[in-house]
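As given, the protein sequences belong to chains A and B, one line each in that order.
Numbered according to the numbering used here, the first sequence spans residues 119 to 426.
Numbered according to the numbering used here, the second sequence spans residues 9 to 249.
Note that these hints are calculated values from the structure, not bench results.
Values in this document were obtained by computation on a predicted structure and should not be read as measured data.
A few of these clues could be false.
[Stated by the list, open to error] With a Cα cut of at most 20 angstroms, we get these calculated EDC-like pairs of lysine to aspartate or glutamate:
(1) B:Lys211 / B:Glu18
(2) B:Lys208 / A:Glu409
(3) B:Lys117 / A:Asp416
Okay, here's what each chain looks like letter by letter:
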Amino acid sequence: MRYRVFIAVSFLLVFLFPALAMAESCLICHSAMKGRMEGRKGFVVDVNIDSEKFSESKHGGLDCTGCHLTYKAQPHEPAKEAEVPAEVAELMPGTSLKGKTDPVALGACVGCHPDIYAGLKESVHGRNIFRKKQTDGPLCLDCHGNPHYIASASDKSSPVNHANVLRTCGRCHEEKEVVEKYGLSSHVIEKYKESFHGKKYILGHKKVPICNDCHGSHAVLEWDAPDSPVYGASKVKTCGRCHEGATEKFAAAPAHKYIGKENPIPYYGEKVLILLVFGVFGFTLSHVLLEAYSEMRDKLVRKEGRDE
Amino acid sequence: MNKELPKEIERFNVTFRIQHVILLTTFLLLSFTGWALKYPEVEHSRWWIRLWGGPETAGTIHRVAGITMLLDFAWHVAYLVYLFATGRMKIAATTTIIPLPKDVFDVLKNYLYFFGFSKEKPKFGRFSYIHKFDYWAVFWGMGIIGSSGFILAFPVFASNFFPQFTLGWIWPTMRILHSDEALLAIVFILFWHFYNEHLKAGKFPMSWTWITGKISLETLKHEHPLDYEQRFGKTGEKSDE
Chain A
119 MRYRVFIAVS FLLVFLFPAL AMAESCLICH SAMKGRMEGR KGFVVDVNID SEKFSESKHG
179 GLDCTGCHLT YKAQPHEPAK EAEVPAEVAE LMPGTSLKGK TDPVALGACV GCHPDIYAGL
239 KESVHGRNIF RKKQTDGPLC LDCHGNPHYI ASASDKSSPV NHANVLRTCG RCHEEKEVVE
299 KYGLSSHVIE KYKESFHGKK YILGHKKVPI CNDCHGSHAV LEWDAPDSPV YGASKVKTCG
359 RCHEGATEKF AAAPAHKYIG KENPIPYYGE KVLILLVFGV FGFTLSHVLL EAYSEMRDKL
419 VRKEGRDE
Chain B
9 MNKELPKEIE RFNVTFRIQH VILLTTFLLL SFTGWALKYP EVEHSRWWIR LWGGPETAGT
69 IHRVAGITML LDFAWHVAYL VYLFATGRMK IAATTTIIPL PKDVFDVLKN YLYFFGFSKE
129 KPKFGRFSYI HKFDYWAVFW GMGIIGSSGF ILAFPVFASN FFPQFTLGWI WPTMRILHSD
189 EALLAIVFIL FWHFYNEHLK AGKFPMSWTW ITGKISLETL KHEHPLDYEQ RFGKTGEKSD
249 E
């Protein structure tokens with residue numbers, strides 16, 4: 119029995135070793151190196167990889183060269199363009215706008231996640247990069263975080279975890295410059311926080327919908343695009359995922375609209391209610407304090423007065 | 009008069025007492041589980057809501073307590089109608105909870121007394137304006153907070169009843185109504201009800217009437233002289249002295 123186990127293990131090791139060896143050999147240097155260095159193309163790169171964190175990450179089982187496709191030959195000798203797979207090379211005009219150090223690695227995600235990438239390219243975010251050649255708009259890493267330590271979305275540390283989505287989207291959608299440049303609706307994050315969903319979200323409610331739950335994630339579209347999940351008939355369906363039996367009338371509810379002067383009833387309604395609160399508060403407090411005062415006065419001064 | 013007077017009389021029967029206990033229990037539950045949602049961005053709100061089992065559980069408690077409170081309220085109103093219809097309850101100026109012009113004068117009189125301009129306190133019936141204010145505030149709360157809460161808890165159902173033109177503003181309005189009026193209710197109970205029934209001189213830590221239903225004749229005479237006179241006549245006062 120022992121003998122057989124030994125054979126099986128050594129058999130496995132023989133096959134696994136080259137793979138292990140490859141990641142390991144990069145990490146021999148890169149887990150020990152600290153700080154930043156100027157790379158060949160003049161960009162400063164962080165050279166340290168936390169090998170433990172990397173191996174625990176979602177992609178910890180991959181080789182370095184699985185994404186850093188141009189680093190096939192040791193050490194760091196760039197491969198010829200032809201060796202980069204066509205589907206990655208095709209993305210280079212876009213990825214080179216976003217990642218200066220290794221745009222190939224930035225596009226390498228497509229190798230394993232082709233459908234997601236296809237959706238991203240056609241999304242409002244992807245079109246801005248790949249068609250309009252802008253640097254704004256997220257590619258994979260802008261939302262999923264450091265490529266070497268990508269965590270699953272269910273992991274609390276992931277920037278795309280339910281609890282972190284608002285902050286992650288807010289990195290751009292709260293930026294005044296981005297909002298103005300593209301004419302996005304302003305203060306969406308703030309407005310969401312003001313909404314009933316948003317208030318529960320801030321308290322840590324785990325089922326309340328956050329940005330991507332209604333708007334979609336990789337293939338997100340302008341809210342009023344015909345295929346947008348928050349537009350027209352699709353909105354009814356989207357609301358209905360949580361609110362069983364949702365109708366068009368129900369879906370007409372504004373999910374995150376500002377309570378401002380442009381919506382006078384809730385805006386001035388709130389002012390009136392605040393006045394009412396302070397009015398009642400003033401009356402009760404004055405009554406209570408004055409009564410307490412008169413009781414004390416009676417006790418101290420008019421000792422006889424009580425029964426009259 | 010030589011007639012033996014009882015030491016205490018029943019002010020609230022057992023039905024009213026049960027209704028009150030349900031009301032106060034659900035009120036506290038609703039205040040505690042709803043509070044964090046009023047100011048969710050405050051650091052302690054997250055801590056507080058975790059005490060109530062997290063936002064999901066707190067939400068369930070809040071809904072169950074809310075419906076229980078509304079049912080309690082409906083029971084109370086139905087009970088009053090029953091008492092009135094069967095002649096067990098009669099409406100009289102000295103015993104009614106219905107606000108009367110006298111209550112306005114009582115407020116003014118009491119303020120004069122507070123400031124020392126008058127040496128005489130107003131004479132109250134079974135329910136002073138303080139009690140009436142306390143009582144009708146609950147009706148106001150049930151109407152505003154209860155209905156908006158019901159709408160917020162069952163939004164799909166409620167949306168069927170809203171006309172088209174309201175859809176743009178009705179939801180934020182309901183949310184504001186619910187949360188601002190709830191704050192008002194909490195503030196009101198804290199200051200008005202707690203002072204008058206708990207902290208007031210001679211009552212601390214509380215008036216026990218809510219459990220026993222009884223009020224001593226002594227207290228009745230001081231706090232509800234008109235009710236006392238209605239029950240025992242003016243002579244009672246003399247025989248006591």
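Now for the hints, and whether the structure bears them out:
no.: 1; hint: B:Lys211 / B:Glu18; in the structure: 18 angstroms, holds
no.: 2; hint: B:Lys208 / A:Glu409; in the structure: 9 angstroms, holds
no.: 3; hint: B:Lys117 / A:Asp416; in the structure: 16 angstroms, holds
Every hint, counting from the list given before, is met by this structure.
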